[in-house]
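K.L.:
Here the protein sequences come in this chain order: A and B.
Here the first sequence is numbered in our numbering, starting from 537 and rising by one per residue.
Here the second sequence is numbered in our numbering, starting from 1415 and rising by one per residue.
Don't read these hints as lab results, they were simulated from the structure.
There could be a bad hint or two in this list.
[Unchecked claim] In silico lysine to any residue, SDA-like type, Cα no more than 20 Å apart, as pairs:
hint : chain 1 : residue 1 : chain 2 : residue 2
1    : A       : Lys570    : A       : Leu928
2    : A       : Lys566    : B       : Phe1418
3    : B       : Lys1438   : A       : Ile808
This is what each chain is made of:
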Amino acid sequence: MEATLMDTISGLLPYAVDLVAVLLLALGIKGLAKVRSARSANGLAALALGLAVLGLLIELQPPLLAWLGIAVGAAAGGLAGLLTARRVPMTAMPQTVALFNGSGGMASLLVGLGVALYGGTAGAAGAEALGGEVLVGTALVERLSIAISVFVGAITVTGSLVAMAKLQGWIDTPAWTQSRSRHGVNIALAVAALVGVGALLGDPGGSPLWLLLVASSLLGVGVTLPIGGADMPVVISLLNSYSGVAAAAAGFVVGSQLLIVAGAMVGAAGLILTQVMCTAMNRSLLNVLFGGALGAGAGGKVGGGGDEAGYTRITSCSPEECALALECAERVVFVPGYGLAVAQAQHALSELAKLLQANGTEVSYAIHPVAGRMPGHMNVLLAEADVPYEQLVEMDTINPEFPRTDVVIVLGANDVVNPDAKTDSSSPLYGMPVLEVDQARQVFVVKRSLGAGYAGIRNALFELPQTAMLFGDAKAVLNGLLSELRELGVGRVKAA
Amino acid sequence: MSDFSQALWVLLLGSLLGLELIGKVPPTLHTPLMSGANAISGITVLASLTLLARADGNPALLLLGAVSLGFALFNVVGGFLVTDRMLAMFRRPGSKPAARQGGR
């Protein structure tokens, strides 16, 4: 009697573990969306995943040979993940997320392929041989879930790799990808993939599977390649949602309810996050996906990639002049952009800000929602340089303050301060919310050259009478400013 | 077939839950949230484990399972650690005065 009770309890244990894991995962995703709870929520989600793995291992009781595979795979993947997470610089965060995402998609893809090739070729019989207690009994459903996990998995893998390569600067947006015929090619690929899915349902032999694999891999490239670098964060977020869908499909393949529920949860949450990010960037999802690269068309005001974009009324100045302006300014606002992060100048900037504060200047940082390469990226980078959280001011709060600001220094930001976005309806940026730095009394723009910005668009701010350009690497310019200010005795006067 | 319909219910309810979980996200958290959600999608590690455990001595399945497990764990371990690294940098507005009080 007691033994049967124990059996019942140990039989129920995996279900209990699964339920707790789902609960923790849901709490984790919810907590990650709030500043206060984000870090502990991340830990909670990690714990949930650990629990789920533990529960599954108890339930499956893998044979010895399987443990060998588990040990090798876990050691290699875990170690690579650990090293990548430790080593990767904060500036490279978006492409790192893309890489991880592609890797998750690859895992789902391989599971689908494995069952299709070696486990599910004989339909239900094969599924029974593989699992015995496969959740989904009918061969048709099993083949459909294999097809979906291969289809979505392959798109996730190649799409993420293209996104990563773009953010890393390995590939550009080739001009030929902007032609309208790309839609035709992509539709053809999608049709080929669907034909593969259909054929796979009827006859689970080899060739439909390969057709599906190749067509969906190419589709992932074809859809991602024409999208401009500035929109990549949205793409990564969407691909993240896809990898959730791929995981849910893999859940149907192997018959795991936990995997289905977790994959569905991440897929849906990723979709919402994508929508939220599109709103923050003032872009519509459809426009991002099918509208082509921002500014890459043949529009009138679009400058080329690295040329001087035909500026005529540029004033450039020396760090000395800028230092003089800073010395007597009462209110200074810094506008940091990705160029600042690339030059690793966050620390020099934070030092400059401290010096000015010691001089009695009011200092703040204007953070555009998409400063950096991804929403929230700049906050992470500045936090790394010990900038107090309170000094980071969001766009809507700081825009009314610019008319009262004496000096604005723009560091490696470009499109987010372009006044054309408000006034010129022919500009590709028109309608995007920008930081209204042109309202300030004096603007200094620190920039390496007059090349066009990330989105390849000319900036009217540079030609305004109150704007002066400080050409050079952001870090070198900031260090120049620091030494000029020290020479002027700024900071020291108050201390003495 | 009842197993299948049950699985569909699970899919449906999981999706609805996911849609409701995040509503308003401050822009500061977009990057970490994306990274964290990405780590969670590495839960496909469960599928890799199942494949391995049921490989039944088939070397091709064992190999595919191990490689797939490696990719999934790369996503999970890297994803959670990198998210934590990002979030550790956010100092809460309230936490600084508290730390000072502790120091006194």
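K.L.:
Next, verify each hint and record whether it holds.
P.N.:
Going through the hints against the structure:
In summary, the hint linking Lys570/A to Leu928/A is supported, as the alpha carbons are separated by about 17 Å, within the 20 Å threshold. For a cut-off of 20 Å, the pair hint linking Lys566/A to Phe1418/B is broken: about 29 Å separates their Cα positions. At roughly 10 Å between alpha-carbon atoms, Lys1438/B and Ile808/A fall within 20 Å of each other, so this suggested pair holds.
Consistency note: the structure conflicts with earlier hint 2 alone.
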